[in-house]
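From first to last, the protein sequence lines are chains B and F.
Note that our numbering has the first sequence beginning at 1, numbered continuously upward.
Note that our numbering has the second sequence beginning at 1, numbered continuously upward.
Bear in mind the hints are in silico, worked out from the structure with no lab data behind them.
Please note that a few of the clues may not be correct.
Just so you have them, the derived chain B footprint on chain F, three or more residues with Cβ under 8 Å [to be verified]:
| hint | segment |
| --- | --- |
| 1 | 9 to 16 |
| 2 | 81 to 91 |
| 3 | 104 to 116 |
| 4 | 406 to 413 |
If you're wondering where the values come from, they're calculated on a predicted model, not measured in any experiment.
Note that CB positions come from ideal geometry on N, CA and C, so glycine has one too.
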Amino acid sequence: MSALFDPPHGEWTRIRFALAWKQRLSMVAIRLVFIAILIAASLTFGYETYFQIAIGLVVVTGAWRWWMIGRWVRNFGYAEQDDDLWITSGALLRRLTVVPFGRMQLVDVAQGPIDRVFKLADVQLHTASASSDAHIPGLAPDQAAALRDRLTELGASELSGL
Amino acid sequence: MSDEVLPYRRLSPLTPIAKSGVWLAAAAFTIGRDIMNGSELSMLAVVAGAIVGLGLVSGFASWWRTKFRISDTELLIESGLISRHSRRVRLDRIVAIDINQPFIARLLGVAELRIETGTTDSEARLAYLPVAEATSMRHTLLARRQAPGELAPEDAAAGPVPPVAPLVRVPLQWHLISILARPESILFVIAALTVIILKSFGFDLTAFGFSLAAVGGLGWSLVTKLIGRWNWELAVVPTGLQVRHGMFNVTTQTFHVARLQGLQVHEPVMWRPWGLASLQVSIAGGVKGDEEGAQGLLLPAAPKALVWQLAQELLGQDPSQIPLSPAGRHASWLAPASGRRLAFGFSDQLAVSLEGVFARRTSIVPLARAQSVSVRQGFMQSLLGLAALRIDTPRGANPFVARLRGVLEARAHVEQLATAALAARVRPQSSLDTSNLGAPPHLPHARITSDR
């Protein structure tokens, strides 16, 4: 089945695994707060068994998310071709998108405060379609800037065909 | 066109005041009232003052961090206080530039520049600039765009449209068939008959008042549909196709054929004895008067031959000539009823997808309009070796989906579609031509906005 999500030529360019650590960190932090609330509630109201089951659920789904985040980041890849950009993503629901350079309307680069700690940046391509999902997270900042520059440049060379 | 790169500039320093203007006024009012009354500042005034103060400080900080620059080909906007955001807008992608002046901005003599590109979710905004600068910026941006003068295609179409002889006028019997030959109408007839029969046998139906109301409502919805579609006319006008319909309120819609993003032919099994079908189109930028693109009904019911001929004229190629292939081998596992009816095929210009058991829906998109091509595969599909093929079209139009394709074939098709779409884009757009339908020879063809 893997053939469906193979790169067009050569290899996928992978994103930084630091993205997984960032997402895991926030996922775990939220769950810890939730568990703390559950423990506090259990101490106040009793019903220990139910709260233990609830905490168990939070931990188990957390472990699942932990694994899925890793899978998602490892599966993500992009490849720049002559005329288009190929992006593959997804942990369970997998997708492969081909965006022609000539269709790009805007290129955004964004970096949040936590992203900066992890040295991550986001590149978002906009086409005229809301559904073409061309979003590349987890790039090194200079890599993101370079990609943005290349994409705007390639967008220009393809323009003649419009 | 000059090729100088203008230096980075900042927005008007009045920006934070203009942005928080309403709140500033509210706080000033609250505090002012307390001072006038000679009383101590109330809690409300203190809180309001603090919030506005904080707002002003962050507003000034964000103004300080926001810089923009126009190069020969791009508009660059750097912003963000805590998270940095840098946006590049290609000047040749600009569709419209609006100057917007809310009330407080007008008092301060500043204006907001809104730069719209073809995208759905993001427009670039520069708020606020001094009015003179906003105007000159607009000029600069327009001058540096590649194709000046094409900014407002609507302008050419403005003015009263001369009356035209309709191409098709849908007669009453087609309407009656198309409205009556559908499941809900049959349900209505059965329900109405049941009520009448029960009544004639002397049953007391007061307890079933609710169901009576439901029957009445169903009947009424059918009647309003008929009234709305009354006197349906399709005509060719200089800008494309025009639809007029309605018994009391006459609705007129104009479809810019040059912006056709795809069409759908609907052939319900119950219409088959009369050989009828309906035709729907998606137009980028929407039907006139409608901002957000729309699905528009061209013909609610017409003979199949006519519908397909019109489709062919609109698309520039006969879609029925395109060979279709069935869905993947195990498709029936995920779609027991419709799996066998799914089909997909494409030529160098069009992609066609077929689905539906009781109502055959044929979706067709011109490849020249494809924004991107993608494959999606869920977990079950990966077990069965299936995947969905998708062609994304601009806003308003439904994305084109071919469900449950075989994996190997889907992969090959993604590459072929991407190449075919590229070739179709490069080729001059001779396809979308209504001249055979009697339109004037010069329809607005390829232009930036037609590409949205």
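Hint check results:
1. 9 to 16: Per the Cβ count (0), the hint is violated.
2. 81 to 91: Coverage by chain B holds here, the residue count being 9 at a Cβ distance below 8 Å.
3. 104 to 116: Contact hint for the segment 104 to 116 of chain F vs chain B: violated, 0 residues under 8 Å.
4. 406 to 413: holds (count 4)
Of the numbered hints listed earlier, those contradicted by the structure are 1 and 3.
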